[in-house]
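All chains, please: the whole structure from these sequences, using the hints.
Protein chains: 2
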Amino acid sequence: MLELVDLTKKLPKDLYRETFPELEARLGACQRAALDAGVPVMIVFEGWDAAGKGSLINRLGQALDPRGFAVHAISAPNEIERYYPWMRRYGAMLPPNGKIAIFDRSWYGRVLVERLEGNLSKRQWEQAYDDIQHFERQLADDGRVIVKFWLHIDKDEQKKRFKKIAKDPVLAWKVGKQEWRHHRKYGKWLGAVEEMLQRTSAAHSPWTVVEATDARFARVKVFETVCEAIEQELDRRANAPAPVRQPMAEPELSPTQQHTILDRVDTSLSLEREEYDVELKKLQRRIFQLEHEIYVARIPAVIAYEGWDAAGKGGNIKRLTRGLDPRGYEVVPIAAPTKLELSHHYLWRFWNKMPKAGHITIFDRSWYGRVLVERVEGFCTEDEWRRAYREINEMERQLADFGTAIIKFWLHIDQEEQLRRFEARQETPEKQWKITDEDWRNREKYLQYRTAVVEMLQRTSTTYAPWTILEANCKLHARIKALRTVAKTLEDALERG
Amino acid sequence: MLELVDLTKKLPKDLYRETFPELEARLGACQRAALDAGVPVMIVFEGWDAAGKGSLINRLGQALDPRGFAVHAISAPNEIERYYPWMRRYGAMLPPNGKIAIFDRSWYGRVLVERLEGNLSKRQWEQAYDDIQHFERQLADDGRVIVKFWLHIDKDEQKKRFKKIAKDPVLAWKVGKQEWRHHRKYGKWLGAVEEMLQRTSAAHSPWTVVEATDARFARVKVFETVCEAIEQELDRRANAPAPVRQPMAEPELSPTQQHTILDRVDTSLSLEREEYDVELKKLQRRIFQLEHEIYVARIPAVIAYEGWDAAGKGGNIKRLTRGLDPRGYEVVPIAAPTKLELSHHYLWRFWNKMPKAGHITIFDRSWYGRVLVERVEGFCTEDEWRRAYREINEMERQLADFGTAIIKFWLHIDQEEQLRRFEARQETPEKQWKITDEDWRNREKYLQYRTAVVEMLQRTSTTYAPWTILEANCKLHARIKALRTVAKTLEDALERG
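Here the protein sequences line up with chains V and X, keeping their order. Going by my numbering, the first residue of the first sequence is number 669, and it counts up by one from there. Going by my numbering, the first residue of the second sequence is number 669, and it counts up by one from there.
No lab work stands behind these hints, which were simulated from the structure alone. Please note that a few of the clues may not be correct.
For chains that are exact copies, the list does not tell them apart, and a pair is met inside one copy or across any two.
Said to hold, decoys possible - Taking lysine to aspartate or glutamate and the EDC-like style, the derived pairs with C-alpha atoms no more than 20 Å apart in a straight line are:
no.: 1; residue 1: Lys1024; residue 2: Asp772
no.: 2; residue 1: Lys1024; residue 2: Glu749
no.: 3; residue 1: Lys828; residue 2: Asp882
no.: 4; residue 1: Lys949; residue 2: Asp1107
no.: 5; residue 1: Lys1099; residue 2: Glu692
no.: 6; residue 1: Lys1102; residue 2: Glu690
no.: 7; residue 1: Lys835; residue 2: Asp993
no.: 8; residue 1: Lys856; residue 2: Glu794
no.: 9; residue 1: Lys842; residue 2: Glu961
no.: 10; residue 1: Lys1102; residue 2: Asp993
no.: 11; residue 1: Lys1143; residue 2: Asp934
no.: 12; residue 1: Lys767; residue 2: Glu998
no.: 13; residue 1: Lys986; residue 2: Glu690
no.: 14; residue 1: Lys1099; residue 2: Glu690
no.: 15; residue 1: Lys1007; residue 2: Glu686
Every value quoted in this text rests on a predicted model; they were computed, and no experiment measured them.
As structure tokens, this is what we get:
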């Protein structure tokens, strides 16, 4: 593919002077329109060293309103970033709706410099291709514009430029041993670049190869490509039917749907206080030890709690954390998303909360809200919650690839038990704040929620991130089972190393 | 002071069982009340190794609603944090209104472990005392509750605890060479701790020494102290007069106030296009070089633009950045604060945007909004903007101590010129978006703004962060003067090293 690129392409000065100012104005207009329409834009610059990324990005920046864009210069991951799954740092840099993020190098470093220079195994960089594809597809599905440039110059041109830079006393440090080493391996790199362009070009996130020998030519091509991509998304949105967000209707259950996995949950399981006290102490001590062992082994753990209202999530979490060292864990309660969070992909805020290697994050409600409350209440479109099963599985697989121990609890109580607890809360003055009208409304939508829960359990229980159902009519039983599951999962993770 | 602490204090089990559950409930109620009243709370735990910080923090966490607090475990600054002024990392951890932040060790590390073990000069840790005092005073003035605990045990007790931990195979790694070294130097540490307690106890942020030999005693004292501090602030707020926020009235100028520093600005200064073109090119090239030199020298630079509406800030910034490498600078446009930003100290969002060592941050409007638009329009109380001069000077001094080059521009045009530009904008279709009703309203408040500007210039021009007035009736002159000032300031900073 790259051998067909005509690197002699040039743009005469007079033609450039004629066209470029208009392009600058067009880009400014695109930005304002994208802001109004809430379209986020990601522009990725990859390319040979000295191909001119810096000055191209600067020219883009000049034409843009600084209130609306950010430049992210990517170098090797730092000591903190290495404690997280590799894609997480890029997630944190994503533009909110209406904003533009320009990446000076990007997640493609994983399949270029890290592949060629780093200590990645073949399995790791092959895996990175999957991760990248999932990442970009998820973002594009969410209406994000992704523009990717490969700035192409040939080996001779690079050599010429390196020599010129090396002569400038202020800039000479920019061309060091590493750059010359890359230069000598131009041919090897070329193969990796070809592969990258082929494997990661998709309709929703195509690569544009930019002939970068002539700076004017490159500039015009980059500006045009960005404008076109934004205009295309604006058009698409203008012509798309308005998104439909509506509450789920009460399902009419066919005979085959009358009985679900939830009906097989044995809610009669229970535990006596005495046995509970003994077990609780033993398990808390064990989990305290395990917290320290996974810290030393740098294994992260994610524990997500979902369940019916009043199923006892809070009390369960308290028993889990009571014995822990607070330096090793964090409880993240999930409430309605903030305005900023709403202007990102819905998984964004969860990615940002994932634990550092060696730490535990406990989610009190989680990303599963998308396929539960958001689906039932119609806070998202059908498209969105349907996509979510796959997106969630992909996210959890990335966590698992990083060695994360993943535990997901569904706290199950039956409807009579829920009613008893609601009423008890209402009658106890110091517990009244725990029960709201919303709880009663949710209860009326039992059948809708049941349908959503069953589908969630079926579609997102994976080998690497299975669901554990806690029979929670007896809180003591549910707590001990939770602690046992946590202990077992951490032990297994330590064994796997 | 510490020698008078009675470390034999104990709380009998039965008394503890009687009082503690009530204290837990009281703390929960305090948290909910603080949330309702929007009171942010900071709880700092410092103390001897093995004094029991971890389990105390965990018990606090158990009694709190996890939606409302975060624990920050502080260790030595990492590679990124070292690229910023030392206090910045703590600023980023501050709780927003209504939330609680618990610090497991804190900014006091600078005057303890870093002083005793690090490579700090006496000047540096002495300076840290000032920084800490300013930091806490600013937060307390802003209605933040600050509770600080020193957990005290004696040398023998520490030894006993170390030995016990060392015997536990899971925890043994927690007591390493460093801990034993600190232990042997208990006496030397004691002196530093005494000094710290004395120098940083203030009415708004007192230290509480906790006798930590007996865990129950310590727990009750910590819970009581936190509850009292929160209740006290809630009382204070309940009884305080409602804050007055009102627009500034048109000032009646006494004869001595008729002429201000702004009248001495020579708005007739101008530059011909030809000379401008030559100078611009030269200066842009020079600043490009300097950008690289300060990057190598790891000198950060802050450039703040303030000025009358239509004075040409945007165009001026563009000429400054046109030639730069985008990897080295960022333009930060300051708009109205977001909800999250409003729930923090007003300097918080600026601190978070300050440049990394070696980088340039250009602020298009800045923290001076507090004493300009916020004062004039009554977005803050008189108390708040009056405090701001000192707070700003303290922030800039911290930046300067870190070696930051600070440049502050006031773009000055006279009223006739402003009118001309407003009208020109209104008549040019593609510029109409640049002029709003607000601009016209601001113009009507010229005298108020003038008063605020003059007071700002006088009170915040310091040796380490002086204001530069740009005579901006002629945009070309203003641009060249700005670039020259930037070049000169960076050169001076490089010379100082």
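Hints and how they fare:
no.	hint	in the structure
1	Lys1024 / Asp772	between (25 Å within a copy, 17 Å between copies)
2	Lys1024 / Glu749	both (9 Å within a copy, 17 Å between copies)
3	Lys828 / Asp882	within (13 Å within a copy, 73 Å between copies)
4	Lys949 / Asp1107	neither (33 Å within a copy, 67 Å between copies)
5	Lys1099 / Glu692	between (61 Å within a copy, 15 Å between copies)
6	Lys1102 / Glu690	between (60 Å within a copy, 19 Å between copies)
7	Lys835 / Asp993	between (56 Å within a copy, 18 Å between copies)
8	Lys856 / Glu794	within (17 Å within a copy, 55 Å between copies)
9	Lys842 / Glu961	between (43 Å within a copy, 12 Å between copies)
10	Lys1102 / Asp993	neither (27 Å within a copy, 55 Å between copies)
11	Lys1143 / Asp934	within (13 Å within a copy, 78 Å between copies)
12	Lys767 / Glu998	between (31 Å within a copy, 15 Å between copies)
13	Lys986 / Glu690	between (62 Å within a copy, 18 Å between copies)
14	Lys1099 / Glu690	between (65 Å within a copy, 15 Å between copies)
15	Lys1007 / Glu686	neither (42 Å within a copy, 45 Å between copies)
When held up to the earlier numbered hints, the structure conflicts with 4, 10, 15 and fits the remainder.
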